[in-house]
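Chains as they are written, first to last, in the numbering used here: chain V, 1 to 309; chain F, 1 to 439.
It is worth saying that the hints were derived from the structure and are not from the lab.
Do not rely on the hints blindly, as some may be mistaken.
[Said to hold, decoys possible] Think about it this way: if two alpha-carbon atoms lie no more than 25 angstroms apart in a straight line, the pair counts; the simulated BS3-like pairs of lysine-lysine are: (1) V:127 x V:5; (2) V:89 x F:359; (3) V:128 x F:18; (4) V:128 x V:110; (5) V:307 x V:208; (6) F:3 x F:226; (7) V:105 x F:226; (8) F:50 x F:140; (9) F:9 x V:87; (10) V:223 x V:208; (11) F:86 x F:129; (12) F:226 x V:151; (13) V:127 x F:9; (14) V:86 x F:18; (15) V:128 x V:86; (16) F:129 x V:86; (17) V:127 x V:110; (18) V:87 x F:129; (19) V:5 x F:19.
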Amino acid sequence: MELFKATDVIKDYAGHRALDRVSISVREQSVFGLLGPNGAGKTTLIRIINQITAPDSGELSFMGRRFSSQDISLIGYLPEERGLYKKMKVGEQAVYLAQLKGMSKHDALKSLKYWFEKFEIQPWWNKKVEELSKGMQQKVQFIITVIHRPKLLIFDEPFSGFDPINTNLLKTEILRLKDEGATIIFSTHNMGSVEEICDHIALINQSKKVLDGNIHDIKEQYKTGIFEIETLAGANTDEVFQTHGFNLLEQEIRGIRKRIKFQKTNGESNNELLYKLTANLELCSFREVIPDMNEVFIQVVNQANQKRK
Amino acid sequence: MNKSIIILKREYLTRVRKKSFVILTLLVPFLFAAFTILPAWLAMQDDTEKRTIAVCDESGLFPDKFENTEFTSFHFIPSEEFLKLKDHIAGSSFYALLFIPSDIVETSRAELFSDRQVTMDIKSMLSGKLETVIEAGKKKQIIDQAGIPDLEERLAAARTNIKLETIKVNEKGESVKSSTEVAMAAGYVAGFIIYMFVFIYGAMVMRGVMEEKTSRIVEVIISSVKPTQLMFGKIVGIGLVGLTQLLFWIIILTVIMTVVPAFIGTEEVMKQSQNMMAAQATGGEKNIALQGIEMISNLNLPLILGTFLFYFLGGFLLYSSLMGAVGAAVDNEEETQQFMMPVTIPLIFSIIILFPIIKNPEGSLAFWASVIPFTSPVIMMARIPFGVPVWELVLSMVVLALSIWGTIWVAGKIYRTGILLYGKKVNLKEILKWITYKN
Numbered sequence: 001m002e003l004f005k006a007t008d009v010i011k012d013y014a015g016h017r018a019l020d021r022v023s024i025s026v027r028e029q030s031v032f033g034l035l036g037p038n039g040a041g042k043t044t045l046i047r048i049i050n051q052i053t054a055p056d057s058g059e060l061s062f063m064g065r066r067f068s069s070q071d072i073s074l075i076g077y078l079p080e081e082r083g084l085y086k087k088m089k090v091g092e093q094a095v096y097l098a099q100l101k102g103m104s105k106h107d108a109l110k111s112l113k114y115w116f117e118k119f120e121i122q123p124w125w126n127k128k129v130e131e132l133s134k135g136m137q138q139k140v141q142f143i144i145t146v147i148h149r150p151k152l153l154i155f156d157e158p159f160s161g162f163d164p165i166n167t168n169l170l171k172t173e174i175l176r177l178k179d180e181g182a183t184i185i186f187s188t189h190n191m192g193s194v195e196e197i198c199d200h201i202a203l204i205n206q207s208k209k210v211l212d213g214n215i216h217d218i219k220e221q222y223k224t225g226i227f228e229i230e231t232l233a234g235a236n237t238d239e240v241f242q243t244h245g246f247n248l249l250e251q252e253i254r255g256i257r258k259r260i261k262f263q264k265t266n267g268e269s270n271n272e273l274l275y276k277l278t279a280n281l282e283l284c285s286f287r288e289v290i291p292d293m294n295e296v297f298i299q300v301v302n303q304a305n306q307k308r309k
Numbered sequence: 001m002n003k004s005i006i007i008l009k010r011e012y013l014t015r016v017r018k019k020s021f022v023i024l025t026l027l028v029p030f031l032f033a034a035f036t037i038l039p040a041w042l043a044m045q046d047d048t049e050k051r052t053i054a055v056c057d058e059s060g061l062f063p064d065k066f067e068n069t070e071f072t073s074f075h076f077i078p079s080e081e082f083l084k085l086k087d088h089i090a091g092s093s094f095y096a097l098l099f100i101p102s103d104i105v106e107t108s109r110a111e112l113f114s115d116r117q118v119t120m121d122i123k124s125m126l127s128g129k130l131e132t133v134i135e136a137g138k139k140k141q142i143i144d145q146a147g148i149p150d151l152e153e154r155l156a157a158a159r160t161n162i163k164l165e166t167i168k169v170n171e172k173g174e175s176v177k178s179s180t181e182v183a184m185a186a187g188y189v190a191g192f193i194i195y196m197f198v199f200i201y202g203a204m205v206m207r208g209v210m211e212e213k214t215s216r217i218v219e220v221i222i223s224s225v226k227p228t229q230l231m232f233g234k235i236v237g238i239g240l241v242g243l244t245q246l247l248f249w250i251i252i253l254t255v256i257m258t259v260v261p262a263f264i265g266t267e268e269v270m271k272q273s274q275n276m277m278a279a280q281a282t283g284g285e286k287n288i289a290l291q292g293i294e295m296i297s298n299l300n301l302p303l304i305l306g307t308f309l310f311y312f313l314g315g316f317l318l319y320s321s322l323m324g325a326v327g328a329a330v331d332n333e334e335e336t337q338q339f340m341m342p343v344t345i346p347l348i349f350s351i352i353i354l355f356p357i358i359k360n361p362e363g364s365l366a367f368w369a370s371v372i373p374f375t376s377p378v379i380m381m382a383r384i385p386f387g388v389p390v391w392e393l394v395l396s397m398v399v400l401a402l403s404i405w406g407t408i409w410v411a412g413k414i415y416r417t418g419i420l421l422y423g424k425k426v427n428l429k430e431i432l433k434w435i436t437y438k439n
């Protein structure tokens, strides 16, 4: 079921269209990756979902009904540009921000106690924010984002500024929140983390959505017929490749083996390809190279920009 | 609205609990009291040390002119003894040694010897005595030479001292004793307090908005509440901080003014201090203090307090919403300058014309400055103790109220766009464009 859906959203700023008929659909209890180069319109879309700004036109629905201002308390938002009141005490500040999300003081205190213990930062409760290290502040900010148990969580570049240990902690927590029923919109440039935690993605480029779908389908869709095989070092591969018209990309001798990366030029199936290869070569391994999200991202954005020109 | 209350509470509590706020709120009334009471109290402190002063009168004009008082006694000595004593005054029982030469009338000079610095009081007491006696002697000589009978009495009778009583007649034809000085003082104080609070607390709103913008917390907050709620909570919260401070000042000052004289053990201090203030203000009549109190109570206090509250809050709302918009539009402290200038110029202008206006509260400058909303909080308040026609007051209040509404609308537009715009230098043209955005 869809938790959040945006249809044909348009947003104009004076003389500049920030979002041009963008539609996204976020399934419940999934991690949705919102990707795109800087200035593509991701932040604008996130702000629309947070009701910080309103779209000029387009439909928004939440849990199957019209998106209303009441729904804001069901959303948790960790902005890319993070910040807290520097002079305010950590605990007091967390209670305050939880209250603004509609929690009672009592519930906020109870829930905060749980999270502070979990992240082992109870001793910081009465410290001012400016006395905390950056990593500590990030943890506090994360807790504030999830404290009111939102149905929809929006993380904008959540891992920037985190050390690897805390990045890992955060990743685990995000996936755990998903297992507990939360839906997550995740915006980042870090394609490695996209592959690790996203189920679906949408790619926005120059105000338009240029790609969306299940992450595995997309990778499948963008594979370019590149294969990697290993055969014996002495095999005469050049002749085989020439007769079949394969594009040799890389080759390397490793001991008694030779590793070859090539691209097929005809539309043959993997089985047909294997047949052709095994007829002439002793194969030790055969693997189709699936592009990673980084490659997909670069390819799609470049294509879209070229089309524009 | 509930969320605005949560914001308001935070804005209020974090500021009221600040050390600087507590210190300023407690200290200022004491300083103020110290500056008014202390000089009077010190002046009251009589010199209670017993002193004997030796007098050597070679002129022979002063044999019975030095009378012993409670603390100071005089001892006449002949010239021979004086010469001996002069060099050994440190070992003697005398505090000082006054030498009056025989030609004092011609030279107007006398000498006072002592082993230490003679106190101001003693010095002025002695010179005063010498002056009076010599002046009286000279005068008598002139009168005798002129040969006009009763000249002294006639001269005394010619001395005049005019007391101009000002009486204000109200619409019902009742006359009320008024005092221009008291109205001026009340007007000046009221206008100045409004100016000061609007300036300080308006700037506080601006810094609060900037703090949220530069620390980026604003994005988290407005994903929970509407920007207008945030702005409302902030402005009202800080306004209440200002009212709290003012209230504390009034209470503490009242307590000091009533408790301290009793504590010191004499009401004389109060009288003295009032006398001194009155003397400074008018150039010196003694019982003006009592008249002043009567005249203060003749001021229309309920009207003054009511309008004060209105203009205090009105001026604050008007300026703080604009300053809040400035805080939202800029990225750092340095950039605020170019926008603060146009916002604060009318406020500074009103304090510049404040004094001319209380000197002439009926002029056309006074009228326009008390209708234009950017100066009216200070200027109208300064005029009210003098009495202002009802229609003028109503006009001024209505214009101010409408302007607040308009300003908040405009400021809200600037605020909403500005707080989310980082790292971009904006100019006035750009800001004007924001106002026309639909949202």
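Hints versus structure:
no.	hint	verdict
1	V:127 x V:5	41 angstroms, violated
2	V:89 x F:359	51 angstroms, violated
3	V:128 x F:18	14 angstroms, holds
4	V:128 x V:110	20 angstroms, holds
5	V:307 x V:208	13 angstroms, holds
6	F:3 x F:226	9 angstroms, holds
7	V:105 x F:226	21 angstroms, holds
8	F:50 x F:140	35 angstroms, violated
9	F:9 x V:87	16 angstroms, holds
10	V:223 x V:208	23 angstroms, holds
11	F:86 x F:129	22 angstroms, holds
12	F:226 x V:151	20 angstroms, holds
13	V:127 x F:9	20 angstroms, holds
14	V:86 x F:18	14 angstroms, holds
15	V:128 x V:86	7 angstroms, holds
16	F:129 x V:86	70 angstroms, violated
17	V:127 x V:110	19 angstroms, holds
18	V:87 x F:129	67 angstroms, violated
19	V:5 x F:19	50 angstroms, violated
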